[in-house]
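Kindly produce the complete structure, drawing on both the sequences and the hints.
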Amino acid sequence: RQGPPRSRGPPGTRSASQSVLRTSWLLNYQGNRILRIEHLAGLPNLVFLDLYDNRVKQIEHLDVVPNLRVLMLGKNQLSRIDNLDCLGKLDVLDLHSNRIADVENLCQCKELRVLNLAGNYIKEVRKLEGLSSLTELNLRRNGLTDTGGLEVLARLQRVFISHNQIGSLDGLAPLGRLAELAELALDGNPVCEARDYRLRVAAICAGLGHLDGAEVARAEVA
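Here the UniProt record's numbering is used: the first residue of the sequence shown is 1, the next is one more, and so on.
You may find that some hints are simply not true.
Claimed, not checked - Cβ pair distances, simulated, as ranges:
#1 36 <-> 168: 14 to 22 Å
#2 190 <-> 58: 41 to 49 Å
#3 89 <-> 129: 16 to 24 Å
#4 182 <-> 57: 35 to 43 Å
#5 105 <-> 180: 23 to 31 Å
#6 215 <-> 170: 22 to 30 Å
#7 195 <-> 38: 50 to 58 Å
#8 44 <-> 121: 30 to 38 Å
#9 80 <-> 158: 22 to 30 Å
#10 133 <-> 206: 18 to 26 Å
These aren't lab readings, by the way, just hints derived from the structure by calculation.
Cβ coordinates follow ideal geometry from the N, Cα and C atoms, glycine included.
Printed below as a string of structure tokens:
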């Protein structure tokens with residue numbers, strides 16, 4: 001069973017008094033073999049929780065930290081996205097390198113701006129209508145065959161979907177409805193082998209400034 005959390009303090013600090021814990025705004029528990037999210041009660045000011053590289057299997061017990069704005073749960077053992085409806089102020093959510101197959105239960109995260117789902121088992125993206133503030137989405141290294149579902153994210157500016165299974169330019173058509181899209185990464189997809197690939201992607205995404213890490217030249221958007 002995990003012991004009570006310790007706040008990040010100055011070098012040499014091994015523990016913290018209860019009064020210090022109550023004023024903590026950041027907890028960093030990277031690489032601690034943590035199995036469950038617990039013992040966060042009494043941390044009303046917590047805004048940043050880093051649990052990267054642990055063994056967490058379920059998102060839970062976050063209702064006691066309603067002011068949380070950044071949640072880092074990359075490289076754990078999560079198979080579902082749930083129990084986030086209590087985090088109305090969440091701004092950044094990192095769930096990369098887990099076992100997630102479905103993008104779900106995010107509609108209450110209306111202030112979410114950055115979502116990282118790279119390195120999961122996602123084959124399609126739906127149910128994103130509630131993410132009205134999302135500007136950055138990372139879906140690298142999944143199993144996507146098209147970009148259907150992304151067209152509802154009107155404020156998206158940066159989309160990273162490298163190393164998926166997108167094979168046709170038709171599969172990119174939903175991106176053409178994203179008026180604010182400025183940066184797109186598609187490298188590692190079969191579609192990159194299409195003739196005049198860059199020209200044709202630039203034609204679909206009219207306002208694109210960068211594609212696969214390189215600036216879109218004027219000739220490509222002419």
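(request) Provide an ascending list of the numbers of those earlier hints which the structure does not satisfy. (result) As far as the earlier hints go, 1 and 2 are violated by this structure, in ascending order.
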